[in-house]
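Asks: Work the whole structure out from these sequences, hints included.
As you go down the protein sequences, you meet chains D and C in turn. The opening position of the first sequence corresponds to residue 1 in the UniProt record's numbering, with each subsequent residue numbered one higher. The opening position of the second sequence corresponds to residue 1 in the UniProt record's numbering, with each subsequent residue numbered one higher.
There could be a bad hint or two in this list.
Residues of chain D clear of chain C, computed beta-carbon distances all greater than 12 Å [what the hints assert, rightly or not]:
id: 1; residue: I21
id: 2; residue: G205
id: 3; residue: E206
id: 4; residue: I217
id: 5; residue: S219
Simulated restraints, written as ranges between beta carbons of each label pair [to be verified]:
id: 6; chain 1: D; residue 1: S113; chain 2: C; residue 2: D251; range: 58 to 64 Å
id: 7; chain 1: C; residue 1: E282; chain 2: D; residue 2: K85; range: 49 to 55 Å
id: 8; chain 1: C; residue 1: E75; chain 2: D; residue 2: N149; range: 55 to 61 Å
id: 9; chain 1: D; residue 1: N139; chain 2: C; residue 2: K20; range: 54 to 60 Å
id: 10; chain 1: D; residue 1: R250; chain 2: C; residue 2: D89; range: 28 to 34 Å
id: 11; chain 1: C; residue 1: H87; chain 2: D; residue 2: K105; range: 41 to 47 Å
id: 12; chain 1: C; residue 1: E303; chain 2: D; residue 2: D135; range: 37 to 43 Å
id: 13; chain 1: D; residue 1: D135; chain 2: C; residue 2: Y88; range: 38 to 44 Å
id: 14; chain 1: D; residue 1: K85; chain 2: C; residue 2: V109; range: 54 to 60 Å
id: 15; chain 1: D; residue 1: K190; chain 2: C; residue 2: Y97; range: 33 to 39 Å
id: 16; chain 1: C; residue 1: H87; chain 2: D; residue 2: D112; range: 42 to 48 Å
id: 17; chain 1: C; residue 1: E303; chain 2: D; residue 2: K190; range: 55 to 61 Å
id: 18; chain 1: D; residue 1: D112; chain 2: C; residue 2: S254; range: 36 to 42 Å
FYI, nobody ran anything at the bench for these hints, they're computed from the structure. Idealized CB from N, CA, C, for every residue including glycine.
Protein chains: 2
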Amino acid sequence: MGLLVVGSLGLDTVATPFDKIENALGGSATYISLAASYFSGPIRLVGIVGSDFPKEYIDMLNTHNIDLEGLQIVEGGKTFRWSGKYHYDLNVRDTLYTELNVFEKFDPVIPDSARKSKFVCLGNIDPVLQSKVLDQMENPQFVVCDTMNYWIEGKKKELLELLPRVNVLIINDSEARLLAHEPNLIKAAKLIRAMGPEILIIKKGEHGALLFTEETIFSAPAFPMESIYDPTGAGDSFAGGFIGYLFKTRDLSSESLKRAVIYGSTMASFCVEKFSTKGLEELSYLQIQDRFRQFMNLSRFDEE
Amino acid sequence: MGLLVVGSLGLDTVATPFDKIENALGGSATYISLAASYFSGPIRLVGIVGSDFPKEYIDMLNTHNIDLEGLQIVEGGKTFRWSGKYHYDLNVRDTLYTELNVFEKFDPVIPDSARKSKFVCLGNIDPVLQSKVLDQMENPQFVVCDTMNYWIEGKKKELLELLPRVNVLIINDSEARLLAHEPNLIKAAKLIRAMGPEILIIKKGEHGALLFTEETIFSAPAFPMESIYDPTGAGDSFAGGFIGYLFKTRDLSSESLKRAVIYGSTMASFCVEKFSTKGLEELSYLQIQDRFRQFMNLSRFDEE
Numbered sequence: 001m002g003l004l005v006v007g008s009l010g011l012d013t014v015a016t017p018f019d020k021i022e023n024a025l026g027g028s029a030t031y032i033s034l035a036a037s038y039f040s041g042p043i044r045l046v047g048i049v050g051s052d053f054p055k056e057y058i059d060m061l062n063t064h065n066i067d068l069e070g071l072q073i074v075e076g077g078k079t080f081r082w083s084g085k086y087h088y089d090l091n092v093r094d095t096l097y098t099e100l101n102v103f104e105k106f107d108p109v110i111p112d113s114a115r116k117s118k119f120v121c122l123g124n125i126d127p128v129l130q131s132k133v134l135d136q137m138e139n140p141q142f143v144v145c146d147t148m149n150y151w152i153e154g155k156k157k158e159l160l161e162l163l164p165r166v167n168v169l170i171i172n173d174s175e176a177r178l179l180a181h182e183p184n185l186i187k188a189a190k191l192i193r194a195m196g197p198e199i200l201i202i203k204k205g206e207h208g209a210l211l212f213t214e215e216t217i218f219s220a221p222a223f224p225m226e227s228i229y230d231p232t233g234a235g236d237s238f239a240g241g242f243i244g245y246l247f248k249t250r251d252l253s254s255e256s257l258k259r260a261v262i263y264g265s266t267m268a269s270f271c272v273e274k275f276s277t278k279g280l281e282e283l284s285y286l287q288i289q290d291r292f293r294q295f296m297n298l299s300r301f302d303e304e
Numbered sequence: 001m002g003l004l005v006v007g008s009l010g011l012d013t014v015a016t017p018f019d020k021i022e023n024a025l026g027g028s029a030t031y032i033s034l035a036a037s038y039f040s041g042p043i044r045l046v047g048i049v050g051s052d053f054p055k056e057y058i059d060m061l062n063t064h065n066i067d068l069e070g071l072q073i074v075e076g077g078k079t080f081r082w083s084g085k086y087h088y089d090l091n092v093r094d095t096l097y098t099e100l101n102v103f104e105k106f107d108p109v110i111p112d113s114a115r116k117s118k119f120v121c122l123g124n125i126d127p128v129l130q131s132k133v134l135d136q137m138e139n140p141q142f143v144v145c146d147t148m149n150y151w152i153e154g155k156k157k158e159l160l161e162l163l164p165r166v167n168v169l170i171i172n173d174s175e176a177r178l179l180a181h182e183p184n185l186i187k188a189a190k191l192i193r194a195m196g197p198e199i200l201i202i203k204k205g206e207h208g209a210l211l212f213t214e215e216t217i218f219s220a221p222a223f224p225m226e227s228i229y230d231p232t233g234a235g236d237s238f239a240g241g242f243i244g245y246l247f248k249t250r251d252l253s254s255e256s257l258k259r260a261v262i263y264g265s266t267m268a269s270f271c272v273e274k275f276s277t278k279g280l281e282e283l284s285y286l287q288i289q290d291r292f293r294q295f296m297n298l299s300r301f302d303e304e
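Replies: Laid out in structure tokens, this is it:
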């Protein structure tokens with residue numbers, strides 16, 4: 001039945017202190033699907049593009065066992081476009097423009113073949129649309145959801161209606177503080193888990209990630225990177241690696257969730273090594289395993 | 001010969017959103033010595049106070065096997081005083097006042113009994129004084145040094161002269177970026193290690209700490225704390241736990257350094273649970289071991 005991924009596909013124009021690209025492949029569904037594709041397939045992508053969406057991108061996604069039956073291609077429409085500029089300190093970025101284009105009227109329709117999917121990843125889109133996706137599913141068992149400050153501020157009510165329906169919420173530290181109205185992340189995590197999701201992951205960029213479940217808190221390190229080429233898509237790649245690993249193993253134990261967080265961090269670290277989706281296009285599972293072990297060495301210590 | 005600790009002793013007036021204390025025991029040498037005292041003794045403290053320094057504090061330090069032969073008590077002088085206010089987000093603090101008092105003329109004199117100490121911890125004081133301490137030592141083998149943005153900005157030259165003489169520099173992330181003129185912490189660490197210290201520890205507060213040596217990078221988690229009562233002294237407690245463990249074991253291998261970072265984090269976590277030095281006054285080694293293991297559970301994951 002596959003892993004269902006719903007989110008945006010876009011054409012990104014990105015400038016960093018190192019280089020610049022125009023109209024490169026981007027979007028949350030794109031990064032999530034590519035990252036997840038290394039673990040198991042098929043990935044069933046639901047999203048929307050215009051007829052200007054390059055065929056080479058379609059082909060590339062197809063080669064990664066990403067099923068595009070649910071991709072709406074609007075004849076004569078223009079694909080979603082985003083442009084951002086990163087500063088010398090790559091933690092800071094400015095959005096230069098956002099053109100919603102066909103994405104403005106996106107109404108996700110889940111193909112029959114994907115409605116029975118047990119694993120669902122809701123990329124960062126309007127919580128109203130995320131709920132609409134779940135309405136169409138027959139009996140999803142593990143729903144991972146991303147969101148952002150824009151929705152927390154602008155569609156709080158709709159987001160709070162969605163949260164009890166998701167198993168895992170993945171947000172960053174500033175979003176967690178905003179959603180919980182609480183600066184202490186440990187307290188914020190308790191408050192957010194009480195809103196619905198039994199599992200919460202707080203991404204902290206260069207400081208790693210925290211996993212909160214009923215019985216455990218797990219602190220994952222960040223991969224020490226001297227040169228981050230393009231941070232775009234890191235969070236989506238994390239979500240893709242996380243759900244991809246769980247979809248492959250079907251093991252939802254705490255120990256497996258911890259490994260999934262590390263696989264998420266692994267995919268995010270590959271993502272930022274190249275512009276656009278390039279860092280996720282030609283990996284081998286051996287490379288992924290190798291980096292997983294590097295994460296292990298990074299944080300491991302023993303009693304004397 | 002003991003572990004030599006040089007730094008400030010002071011009377012702190014601290015306000016947090018939870019409570020307020022006046023003229024409570026503080027100072028870098030105080031926190032370092034107390035934290036280190038749980039691992040091995042004797043601790044030889046060198047510092048300066050006025051005759052207003054309460055005898056109960058002297059007694060308390062003595063009960064922790066802290067040798068005060070090197071403590072200068074200036075008759076008629078006033079002890080160093082600092083006052084700070086923490087905000088609701090405890091990462092932010094304002095200094096309300098700093099009265100140097102007797103500390104302004106501090107000229108550390110190392111007692112003969114301590115000049116042969118092999119382990120030295122230089123608390124955060126003027127790098128000129130830190131160098132003066134080392135000038136008096138016979139053959140120190142392991143020198144740990146703390147500093148802060150004030151010295152990095154105001155006494156850069158003197159600090160750079162000191163750094164080749166220290167084995168471990170412990171600073172926080174913003175200080176590392178400032179010292180190296182580099183926002184990427186991994187690159188900054190390389191640059192700082194090239195300034196002299198073969199071992200660098202970057203403290204990241206609620207995000208844990210990073211250890212950099214020639215052969216390894218180690219990422220230590222932060223202890224998940226719902227209520228931080230008073231963050232004052234956390235960094236000094238970290239330094240004390242770090243050098244205390246190494247002084248006890250005399251094992252300077254990478255694996256031991258990693259454990260020392262966790263013991264440092266452990267002592268910092270106890271420190272912030274109570275106001276002033278209260279969190280470090282009545283611990284047992286069993287409690288410390290127990291929290292060390294909690295740190296282990298927090299970051300440990302296994303391959304499937």
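Asks: Would you mind marking each hint as holding or not holding in the structure?
Replies: Going through the hints against the structure:
no. : hint                        : result
1   : I21                         : holds, 21 Å
2   : G205                        : violated, 10 Å
3   : E206                        : violated, 7 Å
4   : I217                        : violated, 5 Å
5   : S219                        : violated, 3 Å
6   : D:S113 x C:D251: 58 to 64 Å : holds, 60 Å
7   : C:E282 x D:K85: 49 to 55 Å  : holds, 54 Å
8   : C:E75 x D:N149: 55 to 61 Å  : holds, 59 Å
9   : D:N139 x C:K20: 54 to 60 Å  : holds, 56 Å
10  : D:R250 x C:D89: 28 to 34 Å  : violated, 40 Å
11  : C:H87 x D:K105: 41 to 47 Å  : holds, 44 Å
12  : C:E303 x D:D135: 37 to 43 Å : holds, 39 Å
13  : D:D135 x C:Y88: 38 to 44 Å  : holds, 39 Å
14  : D:K85 x C:V109: 54 to 60 Å  : holds, 56 Å
15  : D:K190 x C:Y97: 33 to 39 Å  : holds, 37 Å
16  : C:H87 x D:D112: 42 to 48 Å  : violated, 54 Å
17  : C:E303 x D:K190: 55 to 61 Å : violated, 30 Å
18  : D:D112 x C:S254: 36 to 42 Å : violated, 56 Å
Violated hints, listed in ascending order, are 2, 3, 4, 5, 10, 16, 17 and 18; each of the other numbered hints is respected by the structure.
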